[in-house]
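Undergrad: Given the sequences, and given the hints that come with them, work out the whole structure.
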Amino acid sequence: MNGLDDHQWQALHGRLEHACAALLSQLADDLDRSTDLRLPQPHVAEASPADNASQRLLHAAVHDAATLTSLQLGIVRHALVKFMDQSYGLCENCGEVIGYSRLEARPEARLCIKCQTRLEQYGRR
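According to full-length UniProt numbering, the residues represented by the sequence shown are 1 to 125, in order.
Worth flagging that the hints you see were computed from the coordinates, not collected in a lab.
Every residue, glycine too, gets a C-beta built ideally from N, C-alpha and C.
Be a bit skeptical, because a hint or two may be false.
What the hints assert, rightly or not - DEER-style ranges, computed between Cβ atoms:
| no. | residue 1 | residue 2 | range |
| --- | --- | --- | --- |
| 1 | Arg33 | Gln10 | 26 to 36 Å |
| 2 | Ser54 | Gly99 | 42 to 52 Å |
| 3 | Leu31 | Val81 | 38 to 48 Å |
| 4 | Arg33 | Glu96 | 15 to 25 Å |
| 5 | Pro49 | Ala11 | 46 to 56 Å |
| 6 | His59 | Asp85 | 32 to 42 Å |
| 7 | Ala65 | Gly14 | 18 to 28 Å |
| 8 | Ala21 | Glu120 | 24 to 34 Å |
| 9 | Asp6 | Leu31 | 30 to 40 Å |
TA: Okay, here's the thing in structure tokens:
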């Protein structure tokens, strides 16, 4: 069991569903922006090298934003899958219950605070 009561379970599930919808919308916007940047602009005869550099930089920024949004979407979807198999709220490392306060702060959390802290300390060495 994951230690969550029905109200907590539903609230966290709702937050993740909302986050998923928001990220899907953001990703669609990012992809639209990326497509708009690639289309040739008929009213521009020839751009200066500085304008071309600015366009490349803008395109790279939009691409990076879409990549980040896609990664975040994958994390949220992973958490939603865990709701379906009833493993939501359990640490993927040790199997212990992830505290509600941690899940409330980060509903997509995969590790309990002890395992997350250990991972972060190990990664800094």
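Undergrad: 26 to 36 Å was suggested as the range; check whether the CB atoms of arginine 33 and glutamine 10 agree with it.
TA: With a Cβ separation near 35 Å, arginine 33 and glutamine 10 satisfy 26 to 36 Å, so the hint holds.
Undergrad: Holds or violated: 32 to 42 Å for the Cβ distance of histidine 59 and aspartate 85?
TA: Between histidine 59 and aspartate 85, where Cβ atoms are some 39 Å apart, the hint holds.
Undergrad: Could you say whether the range 38 to 48 Å given as a hint is met by the Cβ separation of leucine 31 and valine 81?
TA: 23 Å, violated
Undergrad: How does the Cβ-Cβ distance of serine 54 and glycine 99 compare with 42 to 52 Å: does it lie in that range?
TA: Between serine 54 and glycine 99, where Cβ atoms are some 47 Å apart, the hint holds.
Undergrad: Range first: 15 to 25 Å. Now tell me if the beta carbons of arginine 33 and glutamate 96 are that far apart.
TA: 42 Å, violated
Undergrad: Tell me if the beta carbons of proline 49 and alanine 11 are separated by a distance inside 46 to 56 Å.
TA: This hint holds: roughly 53 Å between Cβ atoms.
Undergrad: Confirm or reject the claim that alanine 65 and glycine 14 have a C-beta distance inside 18 to 28 Å.
TA: For glycine 14 against alanine 65, whose Cβ atoms are near 26 Å apart, the range 18 to 28 Å holds.
Undergrad: Given the range 24 to 34 Å, decide if the beta-carbon distance of alanine 21 to glutamate 120 lies inside it.
TA: 30 Å, holds
Undergrad: For the range 30 to 40 Å, tell me whether the beta carbons of aspartate 6 and leucine 31 fit it or not.
TA: The hinted range 30 to 40 Å holds for aspartate 6 and leucine 31, with Cβ atoms some 37 Å apart.
Of the numbered hints listed earlier, those contradicted by the structure are 3, 4.
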